[in-house]
Every structure is written in C-alpha cells, then in structure tokens.
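Enquirer: If you read the protein sequences in the order shown, they are chains W and G.
Heads up: the first sequence at position 61 corresponds to 61 in our numbering, and the numbers run straight through without jumps.
Heads up: the second sequence at position 70 corresponds to 70 in our numbering, and the numbers run straight through without jumps.
Be aware that a few hints might be false.
[Unchecked claim] Once the Cα atoms are required to be at most 25 Å apart in a straight line, the calculated SDA-like pairs of lysine to any residue come out as:
| # | chain 1 | residue 1 | chain 2 | residue 2 |
| --- | --- | --- | --- | --- |
| 1 | W | Lys81 | G | Ser54 |
| 2 | W | Lys106 | G | Leu20 |
| 3 | W | Lys113 | W | Ala48 |
| 4 | W | Lys81 | G | Leu7 |
| 5 | W | Lys81 | G | Thr4 |
| 6 | W | Lys81 | G | Phe16 |
| 7 | W | Lys106 | G | Leu23 |
| 8 | W | Lys81 | G | Ile12 |
| 9 | W | Lys81 | G | Trp65 |
| 10 | W | Lys81 | G | Leu20 |
| 11 | W | Lys81 | G | Ser8 |
| 12 | W | Lys81 | G | Cys60 |
| 13 | W | Lys81 | W | Ser155 |
| 14 | W | Lys81 | G | Pro63 |
| 15 | W | Lys81 | W | Pro13 |
| 16 | W | Lys81 | G | Pro6 |
| 17 | W | Lys81 | G | Asp61 |
| 18 | W | Lys106 | G | Thr4 |
| 19 | W | Lys106 | G | Leu17 |
| 20 | W | Lys106 | G | Leu19 |
| 21 | W | Lys106 | G | Ile15 |
| 22 | W | Lys106 | W | Gln51 |
| 23 | W | Lys106 | W | Thr122 |
| 24 | W | Lys113 | G | Thr4 |
| 25 | W | Lys113 | G | Glu29 |
| 26 | W | Lys106 | G | Ile12 |
| 27 | W | Lys106 | G | Glu26 |
| 28 | W | Lys113 | W | Val184 |
These aren't lab readings, by the way, just hints derived from the structure by calculation.
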Amino acid sequence: MTQQPPSLLEELPGDLLMWVLIISELLIFGAGLIAFLAMRMADPAGFAEAQAHLDRTGAALNTVVLISSGYLAAQALHWRKAARRRAARYALAAAAALGVLFLVIKGMEYADKAALGINWETHSFFMFYYMLTGFHAAHVVAGILLLLLVAWRDSVENIELGAAFWHMVDLVWVLLFPVIYLLV
Amino acid sequence: MVTTSPLSRAWIILIFLSLLSALAAELVETGVDTRITGSLVLALSLFKARLILSRYLGLCDAPAWRRGFNLTLTFFCLGLLGLYLAPSLS
Chain W
1 MTQQPPSLLE ELPGDLLMWV LIISELLIFG AGLIAFLAMR MADPAGFAEA QAHLDRTGAA
61 LNTVVLISSG YLAAQALHWR KAARRRAARY ALAAAAALGV LFLVIKGMEY ADKAALGINW
121 ETHSFFMFYY MLTGFHAAHV VAGILLLLLV AWRDSVENIE LGAAFWHMVD LVWVLLFPVI
181 YLLV
Chain G
1 MVTTSPLSRA WIILIFLSLL SALAAELVET GVDTRITGSL VLALSLFKAR LILSRYLGLC
61 DAPAWRRGFN LTLTFFCLGL LGLYLAPSLS
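Taking the hints into account, I'd like the entire structure generated from these sequences.
Expert: So this is what it looks like as structure tokens:
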C-alpha cells in the first residue's frame, strides 16, 4: 500500500490557528510600516531629523537579544522532542529572561525620549514610533508570559505553540527595526 | 571536528546579518548614498526574515509554505523599498 503524501495544511509545522495569528499580526505590523513610509514621503527631512534622536545602538543590541532569545525557544522545542525536559525548560526560562532584557532596554529608550521632552505628539514620526514599538513591546510581554506558561505545562504541542508566537515577535522586530531606526 | 546544527548556524548567520545591517546604516556617515544603504538594509532584513521563517518557525520542512511566505515577504520588502526611495526620485 502506498502512503499518501501530506496535504498542504498537514505540511505546516505546529498549530494552524497559531499560523493564522502569525499571519494576522504580520499583516497588522506590515500595514503600520507601509503607513509609516507613506507618511515619510510627505516630510522625509523631518522624519530623518526625528530619527536622529533614536538610540540605534540600543535597538541593534535588542535585535541581538531577540534573535538569541528566539534561538533558545527553538532549541527548547528540539530538546523537548528529544525528551530532554529539564534542558527545554531552562532554555524557555532563558528565552523569557532575554525578553525581559529587551523590555528593560526598550524602557531605557522610552525614558531617554521622555527626558528630552519627546512624546507621540512631537512629530508624526514619533507617533508611529511609539505606536509600532509600543504595540510590539506589548507582544513581547505576552510572549514572555506564554514562554513561562509553556515551560510549566511543557508538552511538545504547548512548547511548539509558545515558541511559534515568540518567533512571530522576533520576525516583526526584524522588519520593524530597520524601517524605524535605520532607513534615513 | 566540531559540527553545528542548522538551528545554531541560523542563529550565527542572523547575528552576522544584524551586524552587517548596523554597519550598512553607519555607512551614511561616510557619505555613501542613503538610497544604497537603505536598499542594503532592507535586503538584509529580508534575508533575516526568511531565515527566521525557515529555521526558527520550521518552514524548511514545508517547502510550499516557505515559497509562499518568501514570495509575499519579498513583495512586501520591495513595496517598502519603493516607498522609501520615492521621495528621492521625485
């Protein structure tokens, strides 16, 4: 008897609903980034001047933090599948800790802006900056809680779900960081 | 001989691409055209996003889905590039 090849949906790793969520979030952030660059077209010099107030080094460091955190979450899934439960739990806890570090660096960045008297009304650049990075930071908070939850309830399916959400947060940052911080 | 897993290799490449992005952005200070540095930064981000989808999210085991995501991401990044370059072309 020949074995049927997996259907397209069966080929997708993890939970289908998580992928629906990932695609929805990517569309929301994608629309935000398109709106940001569309607004920039009307005032490129003003956007460049506003962007000069951002801390690129801190944001670049945060990229390394999130990428490393995502690596640990992905590694946790591999370890759990190999029945290395303790290693998987430690990896998830470490991934969550790096998420907290991301928020600390982000908080310092916001505090720095506040000290300079910069808020979301200062310029339309900052309205998008606070909206997009703030919405992303909210996802980081949710992701940290989810990582800790799946470290506790550590079935393979749960870890796969938690890690997928965390990778979505990672993926959004990889696209958001260059547009907001680097494109002069 | 020390061997690294595909996941570890992906992490190392992602760190390397992130450093390249930061360096490309800094080239503006040396007088390099922002249209070139901007295009480079967006291209590097596209590579990073593709790598995260493939290795972190496991789409390397689902080639049809990976192709679909990659194609959509490529068009999205091209759209961002167009919006970024538009003011300097007008």
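Enquirer: So, against the hints stated earlier in the document, which numbers end up violated here?
Expert: 6, 10, 18, 24
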